[in-house]
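Visitor: Mind docking chain B on chain A? Use the hints.
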Amino acid sequence: MAGDHHDHAHDHDHDHGHDGQGHAHAAPPSPMAARVKAIEALAVAKGLVDPAALDLIVDTYESKVGPRNGARVVARAWTDPAYKARLLSDATAAIAEFGFTGRQGEDMVVLENTDQVHNMVVCTLCSCYPWTVLGLPPVWYKSAPYRSRAVLDPRGVLAEFGCRVGDDVEVRVWDSTAELRYLVLPQRPAGTEDWDEDQLAAIVTRDSMIGVTRLADQTPEMRS
Amino acid sequence: MNGAQDLGGMMGFGPIGIEVNEPVFHAPWEARALAVTLAIGFLGRWSIDEARHARESLPPPVYLTSSYYEIWLRGLEKLMVRHGLATVAEFETGVPDPAAPALPADLKPAPDAPQAAAILARGASARREGGGHPARFRAGDRVKVRDINTLAHTRAPRYVRGRVGTIERLHGDFVLPDAAAARRGEDPQPCYAVRFAARDLWGETAHPNDCVHADLWDDYLEPA
Chain A
1 MAGDHHDHAH DHDHDHGHDG QGHAHAAPPS PMAARVKAIE ALAVAKGLVD PAALDLIVDT
61 YESKVGPRNG ARVVARAWTD PAYKARLLSD ATAAIAEFGF TGRQGEDMVV LENTDQVHNM
121 VVCTLCSCYP WTVLGLPPVW YKSAPYRSRA VLDPRGVLAE FGCRVGDDVE VRVWDSTAEL
181 RYLVLPQRPA GTEDWDEDQL AAIVTRDSMI GVTRLADQTP EMRS
Chain B
1 MNGAQDLGGM MGFGPIGIEV NEPVFHAPWE ARALAVTLAI GFLGRWSIDE ARHARESLPP
61 PVYLTSSYYE IWLRGLEKLM VRHGLATVAE FETGVPDPAA PALPADLKPA PDAPQAAAIL
121 ARGASARREG GGHPARFRAG DRVKVRDINT LAHTRAPRYV RGRVGTIERL HGDFVLPDAA
181 AARRGEDPQP CYAVRFAARD LWGETAHPND CVHADLWDDY LEPA
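Top to bottom, those sequences are chains A and B.
The numbers in UniProt numbering rise by one with no breaks, and the one at position 14 of the first sequence is 14.
The numbers in UniProt numbering rise by one with no breaks, and the one at position 16 of the second sequence is 16.
Bound conformation, chain A alone:
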């Protein structure tokens, strides 16, 4: 993925549309593609951006920073009680131990899910999301259906993700209205007691770290 989009001279002239890997003949460039192309060309011509910096930004979020980062943090917390304690008391510093620092992760908070408490995260006002550990947010996270209902009907939203939380469990919704960025520490699934950190990291999903799913609900097939 990293290698196929960097021929700056012409590659992104083509908008392949929403279904699109490789149907360049199908549709004319969308209005948005043309608009971005004009802004980028203008910004380059005026010296406002360096094209190489643009490519670096795309590559960073397309292939380097993503939910595998968060999964490593979670797996460490599951296997190392001292790390978990640091993570819950100073999440920013504990996450920085992995080198996961920077934009949209400057001030982190980790929320622990338990048998009694289920945490889930939303940004009703825009799309605040912990980029350093989860990468860029999925479309649904930024969409009106999720942003409007996560605070009003969290259990209904969870059910849409296949996550049914018992009436005795407290659902805590965290609306990221400031510059704190939240990562949910999901519960470690039963049956993984003898797994090592790498095995555990492999089953931690993005959605479980947003708090819209529980790993315990996943079948062994879904985990593999």
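Derived by calculation from the structure, the hints in this document are not laboratory data.
Hints are not guaranteed to be accurate.
As the list claims (entries may be wrong) - Here chain A is said to cover these stretches of chain B; the calculated rule only asks that three of the stretch's residues, wherever they fall, bring their Cβ under 8 Å from a Cβ of chain A:
1. 2-8
2. 27-34
3. 71-77
4. 81-94
5. 108-117
6. 124-131
7. 140-151
What the hints assert, rightly or not - Straight-line C-alpha distance at most 27 Å; calculated BS3-like pairs for lysine-lysine:
8. A/Lys64 / A/Lys37
9. B/Lys78 / A/Lys142
10. B/Lys78 / B/Lys108
11. A/Lys64 / A/Lys142
12. B/Lys144 / A/Lys46
13. A/Lys37 / B/Lys78
14. A/Lys37 / A/Lys142
15. A/Lys64 / A/Lys84
16. A/Lys46 / B/Lys108
17. A/Lys37 / B/Lys144
Given the structure is predicted, the values throughout are model-derived calculations rather than measurements.
Note that the Cβ used here is the ideal one computed from N, Cα and C, for glycine as well.
Guide: For chain B alone, coordinates are given in the frame of chain A:
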């Protein structure tokens, strides 16, 4: 601002569009939109808060019918024109207009790729430890959210205004978005996670075991 961005508690947007194996970008132009927006932001001409206000002050019909990166680009164009980086006509052609006003004299050079990588890895924390006035509230205090209605930027969502909640934790001192967006300095002040019982926000139809947290600044709150 009571704009279309303030979605918490609205109804009628339909199911959440969960997408299996969602790509980071759905079209090449989205990647370029992200990169151009971030890279021009690196020039430091505006704050993240001013950028958010540029997006949220789009007319509601435009906001609600635009895709996420389309909202970003519309906001970016507004900011570039406001700060003398481009004219509306130049966005049409993608070519610098010799008749356009000169770029600001104090404009920094565009970061190159290594500099951009360093900026992303460093981030830009809004924390200003010790920069604010003493915190007026402590964990456990009952607070009421002021009924803030302004055309300017604020991060107090409508659904918590006038509602009573409990201080859950003090995050520390953070830049006040209302001030930064309006270019009135940073006015750093304590920011708190405030916990609201779901029934205190939504009435009896809410689940008795649910709560919603919002991160709110000292200025937004009064003793309850």
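Visitor: Taking the hints in turn, state whether each one holds.
Guide: To see whether the hints hold, each was checked on the structure:
| no. | hint | in the structure |
| --- | --- | --- |
| 1 | 2-8 | holds (count 4) |
| 2 | 27-34 | holds (count 7) |
| 3 | 71-77 | holds (count 3) |
| 4 | 81-94 | holds (count 7) |
| 5 | 108-117 | holds (count 8) |
| 6 | 124-131 | holds (count 4) |
| 7 | 140-151 | violated (count 0) |
| 8 | A/Lys64 / A/Lys37 | 24 Å, holds |
| 9 | B/Lys78 / A/Lys142 | 21 Å, holds |
| 10 | B/Lys78 / B/Lys108 | 20 Å, holds |
| 11 | A/Lys64 / A/Lys142 | 21 Å, holds |
| 12 | B/Lys144 / A/Lys46 | 49 Å, violated |
| 13 | A/Lys37 / B/Lys78 | 17 Å, holds |
| 14 | A/Lys37 / A/Lys142 | 24 Å, holds |
| 15 | A/Lys64 / A/Lys84 | 24 Å, holds |
| 16 | A/Lys46 / B/Lys108 | 12 Å, holds |
| 17 | A/Lys37 / B/Lys144 | 47 Å, violated |
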